Amino acid sequence: SQQGEEDPQALSIQEGENATMNCSYKTSINNLQWYRQNSGRGLVHLILIRSNEREKHSGRLRVTLDTSKKSSSLLITASRAADTASYFCATDSMDSNYQLIWGAGTKLIIKP
Amino acid sequence: DAGITQSPRHKVTETGTPVTLRCHQTENHRYMYWYRQDPGHGLRLIHYSYGVKDTDKGEVSDGYSVSRSKTEDFLLTLESATSSQTSVYFCAISGQGFSQPQHFGDGTRLSIL
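Going down the list, the protein sequences come from chains X and U. Under the working numbering, the first residue of the first sequence is numbered 1, with each subsequent residue one higher. Under the working numbering, the first residue of the second sequence is numbered 1, with each subsequent residue one higher.
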């Protein structure tokens, strides 16, 4: 079962532009995490946001969480070629016995 | 980067053969996980471990078994591989449970012909 679903599936932008990816989920969650995956590599943790938080920042990353809409967004500002990767959201909840449920990811391409 | 090593990195085998994948960590983390990643799907949890000899099933555990005899090693075994188990397998670790950030190995690409 997929809890998180990312939107769009793919995104191509010019270097320097901002990139926004969205994640929707179905049940009440405990936490939501965002991860990055470069081609052929493992996933790298970016940000964890708790259900009682609305926004978190880390460098050029900004994550928002709207529990009323059951959605989150990841904003990458001033994108760089090195940001080219797939981005995944993952949620944990009582319904999943707190196991992480992952979305299918957004593939982000930054054009130089 | 967290010290997680998966072996082998690539493997091709035939249907019906047993296959064992190894995950080795040097972080002394309590929790270890095995996931599979398939096109169009998010990661799906196969099994996880919350301590030596303590393991539990994930979402897609059928056809897989695991063992953890030492803190640092977590083995995933396909007793009799099937073509539907062709996938990329990732090991992950975390100090606490699922709710905490997980650190991933670089995966094992397994092809079953």
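Simulated from the structure, these hints should not be mistaken for lab results. Incorrect hints may have been included.
As the list claims (entries may be wrong) - Every beta carbon over 10 Å from chain X, so not counted as near; a handful from chain U, in silico:
#1 PRO8
#2 HIS29
#3 ARG44
#4 GLU59
#5 TYR64
#6 ARG68
#7 LEU75
#8 THR82
#9 GLN85
#10 GLN100
#11 GLN102
As the list claims (entries may be wrong) - DSS-like cross-link-like pairs, simulated, lysine-lysine; straight-line CA separation at most 30 Å:
#12 LYS57/U / LYS26/X
#13 LYS70/U / LYS107/X
#14 LYS57/U / LYS70/X
#15 LYS107/X / LYS26/X
#16 LYS57/U / LYS11/U
#17 LYS111/X / LYS56/X
#18 LYS11/U / LYS70/U
#19 LYS69/X / LYS26/X
#20 LYS56/X / LYS70/X
Note that the structure is a prediction, hence the values are computed from the model and not measured. Where a beta carbon is used, it is the ideal one built from N, C-alpha and C, also for glycine.
**OP:** Verify the proposed pairing of LYS56/X with LYS70/X, using a straight-line Cα cut of 30 Å.
**Re:** Distance ~16 Å between LYS56/X and LYS70/X Cα, so the pair holds.
Original post:
If you draw a straight line from the CA of LYS57/U to the CA of LYS70/X, is it 30 Å or shorter?
Top reply: holds (27 Å)
Original post:
Are all C-beta atoms of chain X more than 10 Å from that of GLN102/U?
Top reply: violated (7 Å)
Subject >> Restraint status (C-alpha distance of LYS57/U to LYS11/U at most 30 Å) >> reply: Holds, at roughly 24 Å.
Original post:
Does LYS107/X lie within 30 Å of LYS70/U when you go C-alpha to C-alpha?
Top reply: Violated: LYS70/U and LYS107/X sit about 37 Å apart, past 30 Å.
**OP:** Please work out if LYS69/X and LYS26/X have their alpha carbons no farther apart than 30 Å.
**Re:** holds (9 Å)
Original post:
Is the nearest CB of chain X more than 10 Å from the CB of GLN100/U?
Top reply: Non-interface label on GLN100/U violated, nearest chain X Cβ at 8 Å vs cutoff 10 Å.
**OP:** Please work out if LYS57/U and LYS26/X have their alpha carbons no farther apart than 30 Å.
**Re:** holds (22 Å)
**OP:** Would you mind confirming whether the straight-line C-alpha gap from LYS107/X to LYS26/X stays at or under 30 Å?
**Re:** holds (22 Å)
**OP:** Run the C-beta distances from GLN85/U to all of chain X and say if the shortest one exceeds 10 Å.
**Re:** holds (19 Å)
Subject >> Minimum Cβ-Cβ distance from THR82/U to chain X exceeds 10 Å >> reply: holds (22 Å)
Original post:
Between LYS111/X and LYS56/X, does the CA-CA distance stay at or below 30 Å?
Top reply: holds (27 Å)
Hint check: violations occur at hints 3, 4, 10, 11, 13; the rest are consistent with the structure.
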